[in-house]
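Trainee: Model the placement of chain B on the given structure of chain A, informed by the hints.
Each chain, letter by letter, is given below.
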Amino acid sequence: MLLIEKQLIEKARAAHSKAEVIELLDGAVALELSTLPPYLTGVFSLAPGGNDEVRTLVLSVVLEEMLHMSLAANTAIAIGGNPKILASGLALRYPGPLPMCVDEDLTVTIGSLTIAQVEDVFMAIERPDTTATLPGEPPAVPQRLQARKDQGYGSIGEFYAAIIAALERMVAGGHDPFTHPRLERQLDLSRWFPRSVPGHPSGKVDNLASARAALETIVRQGEGAQIGADPIDPYGGRESFAHYFKFGEIAFGQRLVRDASAPSGWSYTGASVPYDASKVYGFPANAKVSDYPAGSAARITAEAFYDTYVRLLRSLDATFNGEPATFDAALGVMFELKLVAQQVVQHPADPGQAQGPVAAPPFQP
Amino acid sequence: MSFLDHPRLTFAGQFQADVSTVNNDPRHFDNTSFESRFQDFQTSTTQNGWWNPIGTGIFRFSGCRVQAAIGPDGVTDDPLIGFRVGNSPDRPSGKIVDIDPDWQLASQLYGLEVSLADPRTGKLVLLADFEAAPFRDLWFARGGGAGDSGASAMWQSQLTSLRWDLDGVASPVLRALAASARDSGRLSIRITTYAYQTGVSKPSFTYGTVVGAIGPIRAGEPRTFIAGRRFMPNGANGTPGACTAANGMTCFSAKVDGNTLVADLSNALPLDKTGQLQQLGNLQVALLRRPNINESTMIGGDDYVSLGALEISQDLMQRRSGIQSFAIPAAVMPDIAHRPLALVLLGEDPASGAAQVMMREQPEGRDVRVDDVSFRLDPNVPELNVRTVPIYATCYGVPLAHTTVTFQPGPPTPDVGDAPTDTTPGTTPTATIPITNSPIGILDIEPLVATTDDTGRAVVRIAGPVSMGTPRSYIDGQLYSIPYNFAGAPAIMQTFDQVSVLVFSSFTASEAPTWAEVEPILKQYANLYPIMSKGLFDFSIQAVADANAHLLHFVLGKPVSDPDHMPVTRDLSAGKRNALLRYLAHVMAKAAIHSPDTVARYTGRCPFSGVTPTERPEDVPNKIIFNHLRSR
Chain A
1 MLLIEKQLIE
11 KARAAHSKAE
21 VIELLDGAVA
31 LELSTLPPYL
41 TGVFSLAPGG
51 NDEVRTLVLS
61 VVLEEMLHMS
71 LAANTAIAIG
81 GNPKILASGL
91 ALRYPGPLPM
101 CVDEDLTVTI
111 GSLTIAQVED
121 VFMAIERPDT
131 TATLPGEPPA
141 VPQRLQARKD
151 QGYGSIGEFY
161 AAIIAALERM
171 VAGGHDPFTH
181 PRLERQLDLS
191 RWFPRSVPGH
201 PSGKVDNLAS
211 ARAALETIVR
221 QGEGAQIGAD
231 PIDPYGGRES
241 FAHYFKFGEI
251 AFGQRLVRDA
261 SAPSGWSYTG
271 ASVPYDASKV
281 YGFPANAKVS
291 DYPAGSAARI
301 TAEAFYDTYV
311 RLLRSLDATF
321 NGEPATFDAA
331 LGVMFELKLV
341 AQQVVQHPAD
351 PGQAQGPVAA
361 PPFQP
Chain B
1001 MSFLDHPRLT
1011 FAGQFQADVS
1021 TVNNDPRHFD
1031 NTSFESRFQD
1041 FQTSTTQNGW
1051 WNPIGTGIFR
1061 FSGCRVQAAI
1071 GPDGVTDDPL
1081 IGFRVGNSPD
1091 RPSGKIVDID
1101 PDWQLASQLY
1111 GLEVSLADPR
1121 TGKLVLLADF
1131 EAAPFRDLWF
1141 ARGGGAGDSG
1151 ASAMWQSQLT
1161 SLRWDLDGVA
1171 SPVLRALAAS
1181 ARDSGRLSIR
1191 ITTYAYQTGV
1201 SKPSFTYGTV
1211 VGAIGPIRAG
1221 EPRTFIAGRR
1231 FMPNGANGTP
1241 GACTAANGMT
1251 CFSAKVDGNT
1261 LVADLSNALP
1271 LDKTGQLQQL
1281 GNLQVALLRR
1291 PNINESTMIG
1301 GDDYVSLGAL
1311 EISQDLMQRR
1321 SGIQSFAIPA
1331 AVMPDIAHRP
1341 LALVLLGEDP
1351 ASGAAQVMMR
1361 EQPEGRDVRV
1371 DDVSFRLDPN
1381 VPELNVRTVP
1391 IYATCYGVPL
1401 AHTTVTFQPG
1411 PPTPDVGDAP
1421 TDTTPGTTPT
1431 ATIPITNSPI
1441 GILDIEPLVA
1451 TTDDTGRAVV
1461 RIAGPVSMGT
1471 PRSYIDGQLY
1481 SIPYNFAGAP
1491 AIMQTFDQVS
1501 VLVFSSFTAS
1511 EAPTWAEVEP
1521 ILKQYANLYP
1531 IMSKGLFDFS
1541 IQAVADANAH
1551 LLHFVLGKPV
1561 SDPDHMPVTR
1571 DLSAGKRNAL
1581 LRYLAHVMAK
1591 AAIHSPDTVA
1601 RYTGRCPFSG
1611 VTPTERPEDV
1621 PNKIIFNHLR
1631 SR
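In the order they appear, the protein sequences are chains A and B. As numbered in my numbering, residues 1 to 365 make up the first sequence, in order. As numbered in my numbering, residues 1001 to 1632 make up the second sequence, in order.
Pulled out of the complex, with its shape left as it was, chain A reads as follows (with noise of 0.2 Å):
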């Protein structure tokens, strides 16, 4: 579980003005955005020939986080806000707690795809807001989280609650913060991400209604729904599980299938998850552009990544600040993305090692 900064929820909280919500979504975007090199870099280290449903899982996740920002940005646009997303992206580092984020004990990094990885930062990032066992975990868990929570910290769930509470009281107090939408800014995501977003196919935001749904999918695909107490419902939306099930059927090996045993009411013991560690490459973690030796295969190619990950950061940032129709360029610099990725895996990241780590497609300069 993320847990987001004191003194942000207690701004969210307070929050009574449109400025101060755009600032919180803002965040939102950032941080929503901060999950895909992780992600992405976990994908780029499985290697052809294998893994195939542990690539899909991840890649269904990176999926709904674009959606997630997607929304969060269509809200912000709707109270008059600018999505930052170049320059939130540029100013992403690794390792380090995400944009918004404090928890001494959920250091970011990014690397290959190992167990170790998806339990210590994928899962530990989408951890669920709740004091129930999850399947599969220690108890010390939840009760480290609810310590944390005590001390005032608060869940990504509580935070986007807290936006969607300052936005109902804008409205009841006669500054509806809705008056000027600006669709024709926003992103039509029903061609993309049909069905997502239940009562509003579009995503658009225009009115309390549409802002609760919308920022209410993101808190659901990613947590679960009705989440709180045992027995659980992963279910992120009618058809798959949300992000930490997901994840969590990689580290368990298994899928994840009802159980009257658990306290939970779920378990890990359905059919097989396979993953092959022979067929992931060893990354250097948190790989920078500038680690790999000038001239050299991995640092010509790596630059050629970096370029397209920029791209997709600008064609973005078009996308959400009055060039919608950027989006269908956005998509294709995606597909460019996973083409440069496989050439930079090609290489190793230290050319007098030919057998040592291979290099990684790099987020960072």
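What the hints contain is simulated information worked out from the structure, not anything from laboratory work. Honestly, I wouldn't trust all of these hints.
[What the hints assert, rightly or not] Think about it this way: if two alpha-carbon atoms lie no more than 27 Å apart in a straight line, the pair counts; the simulated DSSO-like pairs of lysine-lysine are:
hint	chain 1	residue 1	chain 2	residue 2
1	B	K1558	A	K338
2	B	K1534	A	K279
3	A	K338	A	K288
4	B	K1273	A	K338
5	A	K288	B	K1202
6	B	K1590	B	K1558
7	A	K84	A	K11
8	A	K84	A	K18
9	B	K1255	B	K1273
10	B	K1273	B	K1202
11	B	K1590	B	K1523
12	A	K338	B	K1523
13	A	K84	A	K279
14	B	K1558	B	K1534
15	A	K338	B	K1534
16	A	K84	A	K6
17	A	K288	B	K1123
18	A	K6	A	K149
19	A	K279	B	K1202
20	A	K84	B	K1534
21	A	K338	A	K149
22	B	K1534	B	K1202
[To be verified] Interface residues of chain B toward chain A, partial, derived using beta-carbon atoms under 7 Å:
hint	residue
23	T1045
24	R1091
25	G1199
26	P1203
27	G1535
28	P1596
29	D1597
30	V1599
31	T1603
32	P1607
33	V1611
[Stated by the list, open to error] Now the stretches of chain A that chain B is said to cover, found in silico as 3 or more residues with beta-carbon under 8 Å:
hint	region
34	59 to 73
35	87 to 100
36	139 to 148
37	239 to 252
38	308 to 321
39	329 to 341
Glycine included, each C-beta is placed from N, C-alpha and C at the ideal position.
Mentor: Coordinates of chain B only, in the frame set by chain A:
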């Protein structure tokens, strides 16, 4: 007069051309004899998928910087120097595309954006579209070091959709460029590419050197070449068919502007094995006093007037993009449009003036070129089945009015140059080598003999047949090459300078095409482009294609100029494209909409093969391939 004019800015750096090479062998288009190893890297004895079977088709600038700004008074100290010349800031990369596997000598750039940015702030001061155009004056003997192909070529085109942001930009040259384009909305650009690395084990694999120049356009001038003074080896002293002079130089163009001669040597100067420019002795650009002094003739000081020494320096290439200016002495001006220019090599006693003619202008100064040297015709769409090709004729750089130019379609020719034989027994592709230019007589070229108007210009209309079969059997359509020249006394043409036309096959499919109807189209594409079929998902499997119908429909529906247009190679006829779109629309209608379940969506792309080789590819010199091409 285009990029040779001022205001002009020059730039230099690297380029990447990540070409895909499975389609380099036309026999790989045959689905029935295709083998999966044709997607593997070559070995020293087997071509397989040649030297970059997993290429993406990406073409992009890398590390390019503005080197010089040239105003009316020559090189100026302009703040533009050091600005980044790059690609689109927020679009997919441009693509490099051959017109046809049987004509890999006129590669075009599609979807390439060119940007100019302040390196300190990142601010874009200019963003423009590079209008698709094929390279010209390709030659393979430039050299540049082991492992390199030695090839060099130049793209001349125009920048369109100019988006300026000149606020706070104190560059007089950039402001003058913007002013020059106020009415036309266009600029002239030329990029010359060489020292390209094809060795897979080299860090700079798929990268090479680029030098470029951007200048104004003038009304009535060609888009893709300089209609000016064409220095042309006569072929007798260099490598036969390779268009080189005895000193290793190839053809180049120049233009007279007032009392200045401006020459573009960016593509003309040979390199040594270390990639440095070869020093070629004391070469002078000169005006010959008599029109009939031939290449290699020894001449005396009275036979020519020097305009100055040809500079062969890294500075010329790098900083001035190979463009050198020469002041024309006043005494020579009356003759400049009546006498041939030449490169002459001074002997051991320069003071005597004794020299040898190394290369000179075309015989009688007469040059002719078409502005649309390579294109596709599509009988499936009448308006795409005809092209009007402009022709420009000049004599000593002056428009040549009322002269006749003939078009002579080439004879049926087997494409042996692109279909090499492996040294490993039994691995040579077994498909029949395609024969181009057959059947003859199906292109409607009107007129076959064109006469230039008062401005030295003519147009010829080239139309495809109403209905086109499949003469190459397994490759769509047919490739026609149409050499052209003056009627009567011909000019010397650059080896590959002929009109090349791909005529697509007529294609009809049912209104709701079945998988059986579209599968061969998708299968061929999956075979030829593993970067797509393995690097993303294998759309030649029906279940995968159907699961990703929305994505396929999206990219197949993009305009040809879009960098993401599919197929990347732009070699799909409208008939086949529309059949695919109808098939995919039908699938999408049945499934209503793609799955909202994101796990199911990615499961629909499995199994994922990826393109990363399991073992390091063997480093193989590419001389064999390029020798074949050179033999054309």
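Trainee: Next step is simple, just say for each hint if it's right about the structure.
Mentor: Cross-check of the supplied hints:
1. B:K1558 - A:K338: holds (20 Å)
2. B:K1534 - A:K279: holds (16 Å)
3. A:K338 - A:K288: holds (17 Å)
4. B:K1273 - A:K338: It is violated: about 36 Å lies between the C-alpha atoms, which goes past 27 Å.
5. A:K288 - B:K1202: The hint holds at about 22 Å.
6. B:K1590 - B:K1558: Since the Cα atoms of K1590 (chain B) and K1558 (chain B) sit roughly 23 Å apart, the hinted pair holds (cutoff 27 Å).
7. A:K84 - A:K11: Satisfied, since the Cα-Cα distance of roughly 20 Å is no more than 27 Å.
8. A:K84 - A:K18: holds (16 Å)
9. B:K1255 - B:K1273: Violated, at roughly 31 Å.
10. B:K1273 - B:K1202: Holds. K1273 (chain B) to K1202 (chain B) sits at ~16 Å (cutoff 27 Å).
11. B:K1590 - B:K1523: holds (23 Å)
12. A:K338 - B:K1523: Holds, at roughly 22 Å.
13. A:K84 - A:K279: Distance ~37 Å between K84 (chain A) and K279 (chain A) Cα, so the pair is violated.
14. B:K1558 - B:K1534: holds (22 Å)
15. A:K338 - B:K1534: Holds. K338 (chain A) to K1534 (chain B) sits at ~12 Å (cutoff 27 Å).
16. A:K84 - A:K6: holds (23 Å)
17. A:K288 - B:K1123: Holds, at about 24 Å.
18. A:K6 - A:K149: Holds, at about 9 Å.
19. A:K279 - B:K1202: Satisfied, since the Cα-Cα distance of roughly 25 Å is no more than 27 Å.
20. A:K84 - B:K1534: Violated, because 35 Å separates the two Cα atoms, which is more than 27 Å.
21. A:K338 - A:K149: Not OK: K338 (chain A) and K149 (chain A) at ~39 Å, beyond 27 Å, violated.
22. B:K1534 - B:K1202: holds (24 Å)
23. T1045: violated (23 Å)
24. R1091: holds (5 Å)
25. G1199: violated (11 Å)
26. P1203: holds (4 Å)
27. G1535: holds (5 Å)
28. P1596: holds (4 Å)
29. D1597: holds (4 Å)
30. V1599: With a minimum Cβ separation of about 4 Å from chain A (threshold 7 Å), the hint on V1599 (chain B) holds.
31. T1603: It holds, given that the least Cβ distance between T1603 (chain B) and chain A is near 5 Å, below 7 Å.
32. P1607: holds (6 Å)
33. V1611: holds (5 Å)
34. 59 to 73: With 5 residues close enough to chain B, the hint holds.
35. 87 to 100: violated (count 0)
36. 139 to 148: With 0 residues in contact (Cβ-Cβ under 8 Å with chain B), the coverage given for the region 139 to 148 of chain A is violated.
37. 239 to 252: It holds: at least three residues are needed, and the region 239 to 252 of chain A offers 3 whose Cβ sits within less than 8 Å of chain B.
38. 308 to 321: That given contact holds, which follows from 6 residues of the region 308 to 321 of chain A lying within Cβ reach (below 8 Å) of chain B.
39. 329 to 341: holds (count 10)
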